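Each chain, letter by letter, is given below.
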Amino acid sequence: MSLRRTMLYLPGNNPNMLLRGHLFRPDGLILDLEDAVAPSEKDAARILVRDVLCRGEFGGCEVTVRINGMDTELWREDVAAVVPAGATGLRVPKVENPRDIRLLDEYLGEVESQAGIAEGRTAIFCLLETALGIWRAYDIATASPRVAALIPGGEDLTADLRTNRSADGTELATIRSLLVVAARAAGVDALDTVYPRVADDEGLRREVAFIKQLGFDGKSVIHPNQIPIVHDIFTPTEAEVEKAKRIVAAARDAAARGLGAVQVDGRMVDKPVVRRAEFTLSRAGLSGEVM
Amino acid sequence: MKTASAGTVESMDCIVTASEADPGSGVTVQIAGASAARFGSAMRAAVLSVVSKMGITDVTLSVQDNGALDLVLQARTEAALERLKGGDVA
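Chains as they are written, first to last, in this note's numbering: chain A, 1088 to 1378; chain B, 107 to 196.
In short, the hints are calculated from the structure, not lab data.
In this text the structure is predicted, and so the values were computed from the model without any measurement.
Keep in mind that the hints are not guaranteed to be accurate.
To be verified - Under the rule of at most 16 Å between Cα atoms (straight-line distance), these lysine to aspartate or glutamate pairs were calculated in the EDC-like manner:
| # | chain 1 | residue 1 | chain 2 | residue 2 |
| --- | --- | --- | --- | --- |
| 1 | B | LYS108 | B | GLU188 |
| 2 | A | LYS1129 | B | GLU188 |
| 3 | B | LYS108 | B | ASP176 |
| 4 | B | LYS108 | B | GLU126 |
| 5 | B | LYS108 | B | ASP128 |
| 6 | B | LYS191 | A | GLU1206 |
Sequences and hints are given; from them, build the entire structure.
Have a look at this one:
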């Protein structure tokens, strides 16, 4: 399981940030060809992002590209440029129809085959930025086996809901819960939208604790300073890791002895608890400890 | 004379301006900016490799560098040349 606690947006026409973003050690990078790039610079940004991808120095981060929307003329050229150059995932804005994901899946197959890339390598990250997109979340997530994650929109979505973003995120609470349910039902990750107030560390901390409790796997970030805060909240404490290790070890021992029930610290532990412990270890970067 | 540019004045970037040149006049590259004195010849080679890859024989290129790596220099050169070729003049 690859960690996606933080995925850092980097403006696609800014060499400085594209080349240095990985140094802040997020789990993933999003090289942005959409909103961060002025319409007159789309061509130059596409070439730059392609060449930065070809260089391939990202310090182990998962590298995705936010392409332009499928309601524009630009998305095919974006895909044709960045997939052969090494992008292993595409973040697609304003998805609201499973048909678009099937179309993208098909086109990706063509591009991968022409470039000699294993078919299916490129994952799809769906940004759901309208009420319709949220409503169809499960159908979108299951429209292609390439779909790796669902991400709710922030500003666009609240505008579509005819409200605005508040400090406590009341307007997004139900949306976020729905999205986690759809993502889990489809077997994909749930990644949260950005926290726009980059100077408000406490606000970010509160929001990340809230979305983690809802079941999200991570959050998109727009400033390097947000990375350690999100990692801190998503990384299990030493005590949690130790307990998880004991639970997994006890479950392994019980399985080896042909026993069904497991006891840890004097308490019976059932399957969901073992699964949660395995998940805690994965989140701590200790997947090797997982059965 | 038709010209087209690509790039910005931000650090680690450069602005490449491509101008049409008369047939037979060849490729001219002028480099100015932070690294021109020390790395001018390597930068010129990086720019020329893009020109040659694109099969262009007559063009004048002017680079205003602000600490761009070769890959950025090449990306901006390609964008400027594509814009010159396509009439998308920025």
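Taking the hints in turn, this is what the structure says about them:
Of the pairs offered as hints, the one joining LYS108 of chain B and GLU188 of chain B holds, with about 13 Å between alpha carbons and a cut-off of 16 Å not exceeded. Note on LYS1129 of chain A and GLU188 of chain B: the hinted pairing holds, with a Cα-Cα distance of about 13 Å set against a maximum of 16 Å. In summary, the hint linking LYS108 of chain B to ASP176 of chain B is not supported, as the alpha carbons are separated by about 26 Å, beyond the 16 Å threshold. Restraint check: the Cα-Cα separation between LYS108 of chain B and GLU126 of chain B comes to about 6 Å, which is no more than 16 Å; the hinted pair holds.
The straight-line distance between the Cα atoms of LYS108 of chain B and ASP128 of chain B is roughly 11 Å, inside the 16 Å bound, and the hint therefore holds. Pair hint LYS191 of chain B plus GLU1206 of chain A does not hold up; C-alpha atoms about 34 Å apart against a cutoff of 16 Å.
In the structure shown, a violation is registered for the earlier hints numbered 3, 6, in ascending order.
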